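A.B. asks: Residue numbers (the numbering used here), protein chains in the order written: chain Z, 1 to 216; chain Y, 1 to 218.
One should not assume that every hint holds.
[As the list claims (entries may be wrong)] Result set (PhoX-like, lysine-lysine): computed pairs, CA atoms no more than 25 angstroms apart in a straight line: (1) Z/Lys118 <-> Z/Lys89; (2) Z/Lys89 <-> Y/Lys131; (3) Y/Lys203 <-> Z/Lys6; (4) Z/Lys84 <-> Y/Lys102; (5) Z/Lys88 <-> Y/Lys102; (6) Z/Lys88 <-> Z/Lys118; (7) Y/Lys131 <-> Z/Lys84.
The hints are simulated quantities; they were obtained by calculation from the structure and are not laboratory data. Quick caveat, the model's predicted, so the values are computed rather than measured.
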Amino acid sequence: MSKSIKHHLTDDLLMAYAAGNLPEAFDLMVATHLSLCDHCRARAESFEAVGGQVLEDQAQTAQMGSDALAATMALISQGAPTPKPAHKKCAVLPAPLQDYVGGDVNDIRWRPVGMGVKQAILPTTNEATARLLFIPAGAAVPDHSHRGIEMTMVLQGAFSDEVDHFARGDVEIADQDLEHMPVADISEDCICLAVTDAPLKFTKLMPRLFQPFLRI
Amino acid sequence: MFTEIDIATMDEPAADSVPPQPWRTNKRIKGKPVNGTKKSCDTRAEWVNHIKRIRDAQDQAAFAELFQHFAPRVKAFLIRSGSDATTAEECAQEVMATLWHKAHLFDPSRATVATWVFTIARNKRIDVIRKQRRPEPEELDWGPEAEPEQDDVIALQQETAQLRTAILALPEAQRELIEKAYFGDLSHREIASQTGLPLGTIKSRIRLALDRLRHAMN
Ligand SMILES: [Zn+2]
Chain Z
1 MSKSIKHHLT DDLLMAYAAG NLPEAFDLMV ATHLSLCDHC RARAESFEAV GGQVLEDQAQ
61 TAQMGSDALA ATMALISQGA PTPKPAHKKC AVLPAPLQDY VGGDVNDIRW RPVGMGVKQA
121 ILPTTNEATA RLLFIPAGAA VPDHSHRGIE MTMVLQGAFS DEVDHFARGD VEIADQDLEH
181 MPVADISEDC ICLAVTDAPL KFTKLMPRLF QPFLRI
Chain Y
1 MFTEIDIATM DEPAADSVPP QPWRTNKRIK GKPVNGTKKS CDTRAEWVNH IKRIRDAQDQ
61 AAFAELFQHF APRVKAFLIR SGSDATTAEE CAQEVMATLW HKAHLFDPSR ATVATWVFTI
121 ARNKRIDVIR KQRRPEPEEL DWGPEAEPEQ DDVIALQQET AQLRTAILAL PEAQRELIEK
181 AYFGDLSHRE IASQTGLPLG TIKSRIRLAL DRLRHAMN
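Based on the sequences and whatever the hints tell you, model everything.
C.D. replies: Structure, rendered in structure tokens:
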């Protein structure tokens with residue numbers, strides 16, 4: 001739990017997460033942030049309370065089959081599904097990310113994308129893409145703009161760009177109007193979770209060469 | 001984790017009767033829901049004890065009452081969300097079985113039973129209808145040692161009842177948009193800024209509960 005988070009999720013995203021309407025990659029971003037931020041967790045759970053009202057006050061209910069309760073008791077008697085193995089305490093990856101990496105920070109399968117930057121694409125549905133980014137201390141991510149939304153959350157280290165300074169737990173939400181070049185702080189290698197719902201568009205010729213590797 | 005809430009005036013939770021349908025069918029006086037919000041508030045609090053009875057005593061009678069109230073709502077919710085009736089029936093049974101198995105994880109200082117059932121039904125919809133995984137935040141629970149304060153539980157349950165009253169007082173068109181969003185009829189782009197929802201109080205209440213929980217965990 002980080003107390004110093006400055007950049008939070010928007011109401012729109014939290015409501016869509018509570019309602020269950022986001023692409024999986026964005027769900028992963030929200031779940032990861034909520035694991036570190038009780039401020040946003042409380043906001044998300046208040047949107048879930050609205051869902052509870054909607055469920056409760058539906059205009060019509062649907063009658064269950066006559067043997068439904070007995071069938072459910074039979075289901076219950078088969079026992080609880082085996083619980084997921086407990087997550088290790090990891091200073092970098094909160095529990096939802098450990099599930100997608102299949103381990104902790106040492107199990108991330110990085111691929112180099114040039115200039116010391118590495119990435120690992122996480123397995124989600126393809127409406128949107130989630131990937132972990134590794135930016136060496138002091139290095140820059142190629143200057144790029146976006147066709148859709150790009151969200152970046154810091155897990156380790158920190159970065160700065162034209163907008164502000166972002167540290168662990170902080171989320172930067174960039175849309176097509178923002179052309180930015182994040183630079184990692186010099187003190188530590190930076191690891192981020194980045195989610196996009198459209199391909200990145202690189203603005204300089206050189207970085208464009210990297211685009212095929214930065215599969216989105 | 002659970003707290004006794006004494007409800008002398010408690011009606012038996014309506015089983016087969018058609019519940020009031022204030023969202024759609026009733027003419028409302030602005031800001032003033034016509035159907036017994038008081039009763040509904042009490043019903044809500046009563047369900048907390050039902051979950052406790054399931055957790056502590058595997059109480060099948062308590063489960064049967066919860067089932068009669070919530071299973072038809074979960075099934076209707078899944079049908080509205082695009083499921084066929086057969087799938088919705090099966091899924092509603094699975095949702096109710098999950099409620100039994102996870103009774104020990106329910107935190108009444110952060111959610112009503114209706115809210116909790118909603119989250120289980122929503123996850124089932126994502127799993128079965130949208131066929132995708134649902135990443136959830138790191139789980140926080142009181143564990144076997146600690147319990148939430150009774151005052152916090154009562155306050156959360158009451159404030160959720162007030163939230164309901166406030167939602168019912170919203171203009172019809174806005175309520176319909178909110179409903180659509182939660183049934184998955186709108187994409188996340190389309191629900192942009194469907195707020196105006198009076199969530200300040202309940203958000204502060206949940207935040208307080210989270211602070212106490214963190215304190216108990218440390
Ligand atoms: Zn936050």
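A.B. asks: Hint by hint, note whether the structure agrees.
C.D. replies: Here is what the structure says about each hint:
no. : hint                 : in the structure
1   : Z/Lys118 <-> Z/Lys89 : holds (24 angstroms)
2   : Z/Lys89 <-> Y/Lys131 : violated (29 angstroms)
3   : Y/Lys203 <-> Z/Lys6  : holds (18 angstroms)
4   : Z/Lys84 <-> Y/Lys102 : holds (13 angstroms)
5   : Z/Lys88 <-> Y/Lys102 : holds (22 angstroms)
6   : Z/Lys88 <-> Z/Lys118 : holds (24 angstroms)
7   : Y/Lys131 <-> Z/Lys84 : holds (19 angstroms)
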